[in-house]
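2 protein chains.
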Amino acid sequence: MTRIVEDIFHGRIISVRREEFELPDGRRAVYEMVRHPGGAAVLPLLDDGRVILIRQFRPAGGGMVWEIPAGKLDPGESPEQCIEREIQEEIGYQAGKWEKIGEMLTAVGFCDEILHLFLAKDLNETEQALEPDEYIEIVPIPAEEALKMVDRGEISDGKTQLALLMAKRLGHI
Amino acid sequence: MTRIVEDIFHGRIISVRREEFELPDGRRAVYEMVRHPGGAAVLPLLDDGRVILIRQFRPAGGGMVWEIPAGKLDPGESPEQCIEREIQEEIGYQAGKWEKIGEMLTAVGFCDEILHLFLAKDLNETEQALEPDEYIEIVPIPAEEALKMVDRGEISDGKTQLALLMAKRLGHI
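Taken in sequence, the protein lines are chains A and B.
Here the first sequence is numbered in the UniProt record's numbering, starting from 1 and rising by one per residue.
Here the second sequence is numbered in the UniProt record's numbering, starting from 1 and rising by one per residue.
Any given hint could turn out to be false.
[Unchecked claim] Label-pair ranges, simulated between beta-carbon atoms:
#	chain 1	residue 1	chain 2	residue 2	range
1	B	98	A	151	15 to 25 Å
2	B	148	A	81	23 to 33 Å
3	B	15	A	153	52 to 62 Å
4	B	96	A	135	27 to 37 Å
5	A	20	B	128	23 to 33 Å
6	A	127	B	96	24 to 34 Å
7	A	97	B	15	27 to 37 Å
8	B	2	A	152	21 to 31 Å
9	B	135	A	142	44 to 54 Å
10	A	38	B	129	43 to 53 Å
11	B	126	A	48	32 to 42 Å
12	A	126	B	96	51 to 61 Å
13	B	15	A	126	52 to 62 Å
No wet-lab data here; the hints were simulated from the structure.
Glycine included, each C-beta is placed from N, C-alpha and C at the ideal position.
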């Protein structure tokens with residue numbers, strides 16, 4: 001039994017509401033809730049063992065942030081379709097082979113975003129096509145060096161850290 | 001040069017605004033921005049090699065979610081103080097030894113939250129003290145089993161996945 005207490009904001013990416021929920025013990029409480037359509041992120045792996053990272057302008061990250069390509073799901077879009085689109089738009093590549101490596105709740109304390117994590121192989125270059133609010137540099141980098149950037153705290157974006165560590169654990173890099 | 005275009009919401013945990021920023025190439029764009037005070041999360045490691053996970057009621061996660069103890073920073077509070085408080089309140093433990101293992105941007109596409117990740121050792125039981133909107137079960141579990149829960153997708157919370165994989169990579173578990 002959920003009740004919307006206050007409908008606050010409907011944006012381009014997120015909606016914000018105050019919602020009341022019943023806890024498992026029967027108590028009721030009101031939570032600040034950011035509703036998000038979900039998204040997908042992809043670690044692109046080149047044949048020579050490098051991964052393609054991006055440096056992206058992120059106001060919420062205080063400037064340029066090391067990331068992997070990612071985007072939110074458009075209406076009716078599957079995570080696979082989303083990733084195919086984003087990898088083409090953001091870095092100008094098409095992938096011959098996809099593998100899902102995980103799924104993460106990004107900020108479960110206040111937001112329902114689920115991010116689907118993929119690995120992409122058999123990459124072919126096409127053409128980058130950025131959105132008006134995007135500024136992205138493409139940086140291919142040896143996978144082991146990318147993992148060291150996680151160790152040293154130079155990569156601080158959660159999805160990027162997680163995709164690299166998961167890909168390592170699964171033996172892909 | 002930042003400009004607040006619309007000041008939308010000031011909540012207990014988050015604030016929501018539309019803000020205009022200048023991109024590195026001089027273009028200007030407006031972003032939906034969730035402002036968050038930042039937080040800290042801790043992987044508690046028992047002497048017998050088990051980690052303490054929690055199952056927590058999370059409306060944004062659709063019900064009970066596997067997590068590690070975490071919380072937002074109170075005003076003037078350091079990540080270390082936050083974690084000391086949360087580990088006591090959420091699972092009823094005090095730690096003799098702390099180690100920072102990483103830092104993550106949880107959802108850099110729209111939110112400025114930075115989450116500081118810690119490992120806690122030399123644990124002593126005290127008493128749990130939950131907030132009115134919290135419902136938490138405490139589940140000590142062998143570290144290797146927790147890692148397998150990440151592999152199988154049973155642990156889907158990003159900070160919990162990342163803390164476990166980082167602790168493994170650093171040789172703590």
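We went through each hint and held it up to the structure:
1. B:98 / A:151: 15 to 25 Å: Holds, since residue 98 (chain B) and residue 151 (chain A) (Cβ atoms, about 19 Å apart) stay within the stated range.
2. B:148 / A:81: 23 to 33 Å: holds (30 Å)
3. B:15 / A:153: 52 to 62 Å: violated (27 Å)
4. B:96 / A:135: 27 to 37 Å: The hinted range 27 to 37 Å is violated for residue 96 (chain B) and residue 135 (chain A), with Cβ atoms some 46 Å apart.
5. A:20 / B:128: 23 to 33 Å: holds (24 Å)
6. A:127 / B:96: 24 to 34 Å: For residue 96 (chain B) against residue 127 (chain A), whose Cβ atoms are near 57 Å apart, the range 24 to 34 Å is violated.
7. A:97 / B:15: 27 to 37 Å: violated (42 Å)
8. B:2 / A:152: 21 to 31 Å: holds (29 Å)
9. B:135 / A:142: 44 to 54 Å: holds (45 Å)
10. A:38 / B:129: 43 to 53 Å: Given a distance of about 34 Å, which is not inside 43 to 53 Å, the answer is violated.
11. B:126 / A:48: 32 to 42 Å: With a Cβ separation near 53 Å, residue 126 (chain B) and residue 48 (chain A) fall outside 32 to 42 Å, so the hint is violated.
12. A:126 / B:96: 51 to 61 Å: holds (55 Å)
13. B:15 / A:126: 52 to 62 Å: violated (40 Å)
In this structure, the earlier hints numbered 3, 4, 6, 7, 10, 11 and 13 are contradicted, and the remaining ones agree with it.
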